[in-house]
Amino acid sequence: MTMEFMMPLIGAAMLGLPAILILWIGLPMLLQHPWSEQIVSRSVFLVVWLGLGLSCLAATIMIATGTTQSNVSLGSWYSIPSVELDFKLDLILDGLSLTFVIMSFVLCGTISAFATKYLHKELGFQRFFLLFAMFLTGIVMAALAGTIELLFVGWELVGLSSALLVAFFHERLGPVKNGLRVWAVYRVADAAFLAAAATMHHMVGHGDFAALMPGETWPNAVSVLTQEQAIWVGLLLLLAAMGKSALVPFSGWLPRAMEGPTPSSAIFYGALSVHLGAYLLLRISPILQQSTLVCLVIIGVGATTALFAAITARVQSDIKSALSFASLTQVGLIVIEIGLGWELVALIHIVGHACFRTLQLLRAPTLLHDYHTLENAVGGHLTHLSKHGISGSSGSAVLYRWGLERGYLDFALNRFFVNPVLGFFRRCHRVEQAWANWCRSGSRATSEGIPSTTTSAPVDLFEELP
Amino acid sequence: MDHQNSQDSNGDPLRRIRECIAHAAHLLPAQGPIAVFIHHNTLHAFESHSFTDAVVEGARTFGCEPYLSEIQYRAFVSSGRIKPEDLEAVMLDDLDETADDLLGFLGTRFHLRMAMLENPWHEVSTAELKWFLAESDSLRRFLNDESHNHNAMFIKTTRRWVMHELTNKTASGNPRRTAALESVARLAKRVDVNSVGAWPLQEWQTFSMQLLWNVCRAGVVEADSYLPVPNSERRHRDLLFAITQRDSDELVNELLIRFCAAFLDQGISRWPLPGRESGFLTSFLNLYSQERFGVEPWRKSLGAECRRLLERRCSASELIHDELIRLGVTAEAWPEYLSSSLLALRGWAGMIWHIENRGDRAVRPIPGGSLEEFVAVRLLLDRMALEWLAAEVLGFRQPLNALLPFLKKQVVDENKEDADQLAFQIFQIAQYRGWSPGELADVSEQNWQLLLTELRKFSAVERRRIFHLAYERRFRQQTLDAISIHSGNFGAPRQRTTQPRFQVICCIDEREESFRRHLEEIAPQCESFGVAGFFGVAMYYRGAADAHYTPLCPIVIVPQHYVLEHVSESHLGVGDRRRQTRKLIGMAVHRVHLLSRSLWGGLLTALIGAIATLPLVMRVLFPRLTARLRQLFGQFVQTPTVTQLCLERITEKPGFETGQVGYSVGEMTAIVERTLRDIGLTTGFSQLVVIVGHGSSSLNNPHESAHDCGACGGGRGGPNARAFAQMANDPRVRRALGQRGLLIPEATYFLGSYHNTCNDEITYYDTELLPLSHRELMNEAKTRLDSAREMDAHERCRRFESAPLGLSPRGALRHVEARAEDLAQVRPEYGHATNAICVVGRRQRTRGLYLDRRSFLASYDPTQDDDQASILTRILQAVVPVCGGINLEYYFSFVDPKGYGCATKLPHNITSLLGVMDGAASDLRTGLPWQMVEIHEPVRLQFVIETHPQIMQRIIELNPGIASLCKGDWVQLATLDPNSGDVHRYSRGEFIPHRLDQHVLPQAKSSADWYDGWREHLTFAQIGCGDSMGTHGASVKGTST
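If you're matching them up, the sequences are chains A and B in order.
With my numbering, letter number 117 in the first sequence gets 130, and the count goes up by one each step, no holes.
With my numbering, letter number 737 in the second sequence gets 769, and the count goes up by one each step, no holes.
To be clear, the hints were calculated from the coordinates, so they are not data collected in a lab.
The model shown is predicted, which means the values in this text are computed figures rather than measured ones.
Yeah, the Cβ is synthetic: ideal placement off N, Cα and C, and Gly gets one too.
Just so you know, not all the hints are guaranteed correct.
Claimed, not checked - Short, incomplete list of chain B residues facing chain A, as computed with Cβ under 10 Å: (1) Ile-398; (2) Gly-400; (3) Glu-419; (4) Val-443; (5) Trp-632; (6) Gln-692; (7) Glu-705; (8) Glu-833; (9) Leu-837; (10) Leu-839; (11) Ser-840; (12) Gln-982; (13) Ile-983.
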């Protein structure tokens, strides 16, 4: 009884608190009176640790009552019963979502404490935490989502805030360009996601995970989709996950994302963002398991990514890129595990990897210090170079160049995807212009001679006079 | 014969290319690997120029800022940091005799220029100006609304002129008059002439402003002039970018940065670049020669080109020569073209140059000639990128050597003066000087031209220069006043403390100023001295727990001696065991780190990953506690604290082999004598002399080494202090010193120690060797030093915004301890920020003066120096370039944090273990990060040297190293008379008496009293320390000059 009453409350609070935080930080900024650093950091701190407390509470209650899955309905968004269309605001609290949420809160809490000091006196302090709050809302929403639509909203929030954080130093050209690149890749993933959601609705009339995978709790549930349906949905969602988790061939954006301040690199690309794709796959794993083909494709993508990233990571000579590709290697392995149907292993792997990598990325600037300490401990130069180094033979040079050029993935994307798309739209643009010109040619006389209002002309003395 | 000719024509250009590159290499940042950060003058390459010329030249070469922005200086004027009298004094000094030149109706040059400085002045980019004119009410109201009388007069004159012209239709003359009359005529057409006279003031104001604007514009359009901008040889890329906004460097840099990082990598990547030993060019060609498909469109031909070049086996300079010709760069333009090509990635180029030349300082050196090969590759890639981009965006498909003229034709108008800009300047000055539109319209052609010339002459850079000089003048006045008053207060120079309880010798570092001041306040019976923090002991040092020898001495010295630290005999067993354990742990940690980055690390991270949450959360949330815990556990593997220095050499020659390590007794004697004579500590020894070396340790800080001791070449000076103390304690050294007339009493004992300026911890060395008779005294000294370091932390904390102002000294110490261990802390300490003064003289002249951690303090006793001032000379030979270099590096990193400095630390990314990049692919960022310099005041270092002007003059003449810095005004120089408070300052090659602005200094009971509750810079004050308390107030009144 109490549980039925408590769970929706806890669920709503977990989701609502970060959302309120967005407004709390954002509105004063809109009104040109941002909060002081102290107020911002305290409110973030409060929200994150409250959220952590709530998610732990939920987990405790569930363990205490022996519940393995709890579906919380927060109402319906939009519903047309006649055509069986229903967009519900449902949350799923189960082992998967709570683990992910607790991990997110712990990492976000730590990172926010870190960023409070790290970004002290920085011009974009408030902006950082606004995006941070947006990210937090997104990740919590995506993790707890019980329907595909809600997951999509969270997914979008994560994407938007990540791209804006890559472009955090927007006074320089590089970060903005790279942020745009990240955003563009995310959009591709989003398009696939949306298509998958639409397909799902088309097939079963709703996007409710609990109804799609009824019966047992995750990961033992069985999907109601037919094998054929599962292929379509599965492949589309895989595409979405590939974009978000920087799997091959979308890996090019990962090092570019390191333009932001260190804490954002750590949290997004080391820990949470990059695992979100894997989380999506985990969430729908019963559907994926319907089809061996999809599983094989997933294993293939994961293996390619892991191999690619492992080679590339060995070649990188700056610490953040090296770590980001190391991250990707693990994400590839996690994807393989999901493809193999080892959901629990994958979940443990995600948690372990996220925590470990966050610590590593946060410590990245201390590399020189650590190196010095290590050298002193070992009593000589760190000698791994000679041991694992590859000789100068031509075969290895090819591999080396391939790693240095990051698998030419960016080029491949440009060549086979971006340029054709751009070309198509340019052609459309030209056609449209030709059309517009043709329409205008009749009335050319009137459109000419619009005076340009530059100051080079003498000022009209009479505009101000009676 | 023929053969000979072709040899000449072939050999000559190649040599010229090599010379050009070697020459341009001097412009590259001199910063070496970041782990050993050595401060130096950022514009070292321009030191032969004067400072004011060099900053402009540097700004042109590097595209940086010479001074702060005009807006910043104007803010200083309104906040009172720059006073009007400073501006006037500086302006008069600058214009000298031309100040009072009468320039027709413009008034004197002095007044014209002052009007431009004192009133609000807008000089912005063309686009911004357009916006400003369109959106602000500058064409409706006076820019300076406050001076009502002045403005009313202006309107009155305009009104009379307009009414006159409205009624009497006179003929138009010059274009200005025509424009004005046209405006008036239009007015007449539109409104009733009779009503005009009765307009309210507001409307007259609007009308006058617009009339003025029209007159100014007409006058400028009439002049239609071109700015005499030198048409420097620019790269294709610059022109192409100006025309199309597409950047060919962006394409090239992406590839080149990645390759440079791989080539220079000192150990981050697990796979080294294949064929790295064969040099930059060959390894590049080999690597890319097999690139056949899947490449970016702009470098489709790269693979083929690389194969071709490999077959040809041409040298770097041949390749450069070929490319220059293909690019159509004429031979006269080579130097400029090569240097700007080199500077396009100056961080990386500089690092290549550095590693190439100082291979001894790199773990993995690179072959000579790498810089040349870098240029060759750069030009090769540049050419491809240009070819592709020009074809892509401009449709340019002719041979590439026609590209430069083609581009130049398109940007021919770039030097044309912007009429609006100039018109707006006249518009502004006319309002401030009260020239009505009518007056300007009627002014003669000659006078109008004069006005334009004068305005152009006093350009934005010139105005900033004057502002900057005024900014420095304010500080200089305060400094020299303070020192003059303080040291003059006591009539004759005060005697040294008689019978001091103990003495402390610190580094001259300005961070030790507060430490010494607090110590002197806490222990009035203590004396302190300052000397370059390697204490004369230049050595390669290797600690018991260190892997390598580190040079501990100023960068200009190459040490001849090696010193080793050993674990003491009795602890050898423990030491060995612990070393083994450390090694095991270290190897394991290293393995884990490497593994975590590899494919098989998956299992590992999955297993232990979650455990990492504990250190993660702990270190971020409780840095100090975590550090304590780590220390606690660290104790079990640490080197035993009981160690010995292997300091004495048996063999003839020094070296690093067994037996060669260390110094001979003679050498030790020389070192001790020199240092003690330098600081004037030859008599009046106390029983305990504490030598304090310093350094700094912090986490997550790639620039950690920049906080270490500059005199130790970015190393930590503890071992030097320890070695010095050991030498000075040696009875044989004492005996030898006695023979040379330097008598150290037998009861005197030297104690080495180390001050960590980040967490304000002090470590003492060899305390167990101290005679038991001294133990009590040592404990007393330690207690005092402990209080002093607490207070030092307290004073530092006032600068940290994240430290609350009301901290207790104990709390402050805890705060700085946490800072040093905090991963998230980007400002572990402020380092040399705020440094501005360097006093070379007896401490008693400045003792009790609050110098706000802004002054280097080198001890020097002029009464003990010979006629040749040989002691002063050798002090200055080191102090002037070192302190000047530190100060100038801070100046430039502050003035242009993005250009000269390395901007904000937040996106920094350690690359190749050599430096930092912004994000994953940028130029290597050199200079200081903003977080280190943000509280700095960019003023040139003010030297105050206790000596006679004539002596100083002679030192300047005899020492070119000192002369270039002093004569070029890279540092400011002043002397303090050894017998009075008279101060002379160095100006234009001579010493002139300093005139005091003030005669009394503020007084405070203690330092803490003076700085408590204040975060900004503080003015100087006299601190009533110790025995001077009683006579303090009286003496101020009594001796005012």
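Hints and how they fare:
1. Ile-398: 14 Å, violated
2. Gly-400: 20 Å, violated
3. Glu-419: 19 Å, violated
4. Val-443: Since chain A brings no Cβ nearer than about 20 Å to B:Val-443, farther than 10 Å, the hint is violated.
5. Trp-632: With a minimum Cβ separation of about 9 Å from chain A (threshold 10 Å), the hint on B:Trp-632 holds.
6. Gln-692: At 21 Å from the nearest chain A Cβ, B:Gln-692 fails the 10 Å test, so the hint is violated.
7. Glu-705: 34 Å, violated
8. Glu-833: Given a least distance of 7 Å, the restraint on B:Glu-833 holds.
9. Leu-837: Not OK, violated: B:Leu-837 not within 10 Å of chain A, min 14 Å.
10. Leu-839: Constraint on B:Leu-839 not satisfied, violated at 16 Å.
11. Ser-840: Hint violated; B:Ser-840 Cβ to chain A Cβ min 21 Å, cut 10 Å.
12. Gln-982: 48 Å, violated
13. Ile-983: This interface hint is violated because 45 Å lies over the 10 Å limit.
In summary, the structure is inconsistent with hints 1, 2, 3, 4, 6, 7, 9, 10, 11, 12 and 13 from the numbered list given earlier, while agreeing with the others.
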